[in-house]
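As numbered in my numbering, the sequence shown has no gaps in its residue numbers, which increase by one up to the final residue, 1379.
The set of hints was computed from the structure by calculation and includes no laboratory data.
Remember, it's a predicted structure, so these values are computed and weren't measured experimentally.
Each residue gets a CB set at the ideal place from its N, CA and C atoms; glycine is no exception.
Hints should not be assumed to be uniformly reliable.
What the hints assert, rightly or not - Between beta-carbon pairs, the in silico distance windows are:
1) 1307 x 1249: 24 to 32 Å
2) 1270 x 1347: 45 to 53 Å
3) 1202 x 1332: 34 to 42 Å
4) 1356 x 1197: 50 to 58 Å
5) 1273 x 1356: 29 to 37 Å
6) 1210 x 1161: 49 to 57 Å
7) 1254 x 1344: 52 to 60 Å
8) 1183 x 1161: 17 to 25 Å
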Amino acid sequence: MRDYAMDRGGDPGQQRAIEAGMIGAVAQWCECLHGTNPLRSALRILTDSIGAEAIVLSRYARAGETPTRVLVHDRARSGNRIPLQQSFAELLLDGYLDKAKPGSTWYGTMRDEELPAAAAMLLARRQLHELVVIPLEVSDRAIDTIELHFSDKLRHYQQAVLTILADTLSRTWSNRARGLFTEALLKSAAAQAAPAVGSPILSADNPARLSRAEYRVCLLLSHGQSPDQMRGELGISESTLRTHLSNLYAKTGARNLAELTFQLVSDLPFELTRRHAGRLA
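Working from the sequences, and respecting the hints, build out all of it.
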């Protein structure tokens, strides 16, 4: 492979590490496609090897009768950031989703128009600055894609690795075991049905069982916003915010805004933050 790191001023050691890591990642991907290992483990290894923050494997129905189905691996699940739960491939490719060549690479920063405001805001809050979509298969019934999200602008050697990786992923995907994707989705749904013990309060497991409105309040509070700023952002009255906070205090065991904020910004499991929050003055 051409030494893009040397040509473009990158780190040669980092380039070689990525290339070496991709060999194992592709091998794991191929094993998973034949049912030897869980598909989610391949997504995790691909994410780590290329230096991405998240990866989304998606299936878009041609006729649109069924919603898009996604399998996600996101590093945010191990912290208190909101993990991705959706695919952005259709937004990026726009009208070219069903015409895109399998194995090609599409970059978000190369799009002529910006993504819709809601999608752009979500990615910005997660500090994800580059999106790469790879169409895997385009059939009469569905379109399968894989997308990678990065926190930093891609270097040239990463783009070179992605170009080779895209073709490999597409070719091997066409030879996958029958029903592989559906089985992985069912296992993922079953795993998410029972919240994991020891999850942070703002994790995808939602251990405090927050409502959607309460979750939004907590997210803004964790970003350092004041009550007035939260009311402006959410477009709610002072009394509505007080109601949300009262419910949050009851669910989390916090006695005031300081204790609630402690629980939200801590990486500790919800059970521990609830136990220790009362120590704050």
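Hints, verified against the model:
1. For the pair residue 1307 and residue 1249, the beta carbons lie near 30 Å from each other, so the given range of 24 to 32 Å is met.
2. Between residue 1270 and residue 1347 the beta carbon distance is about 51 Å. The supplied range of 45 to 53 Å therefore holds.
3. Residue 1202 and residue 1332 have their C-beta atoms about 40 Å apart, which keeps the hinted 34 to 42 Å range intact.
4. At roughly 54 Å, the beta carbons of residue 1356 and residue 1197 sit within the given window of 50 to 58 Å.
5. At roughly 56 Å, the beta-carbon separation of residue 1273 and residue 1356 lies outside the given 29 to 37 Å, and the hint is violated.
6. Between residue 1210 and residue 1161 the Cβ separation comes to about 28 Å, which falls outside the hinted range of 49 to 57 Å.
7. The hint said 52 to 60 Å for the Cβ distance between residue 1254 and residue 1344, and at roughly 53 Å that hint holds.
8. Distance hint check for residue 1183 and residue 1161: the Cβ-Cβ separation is about 23 Å, which falls inside the suggested range of 17 to 25 Å.
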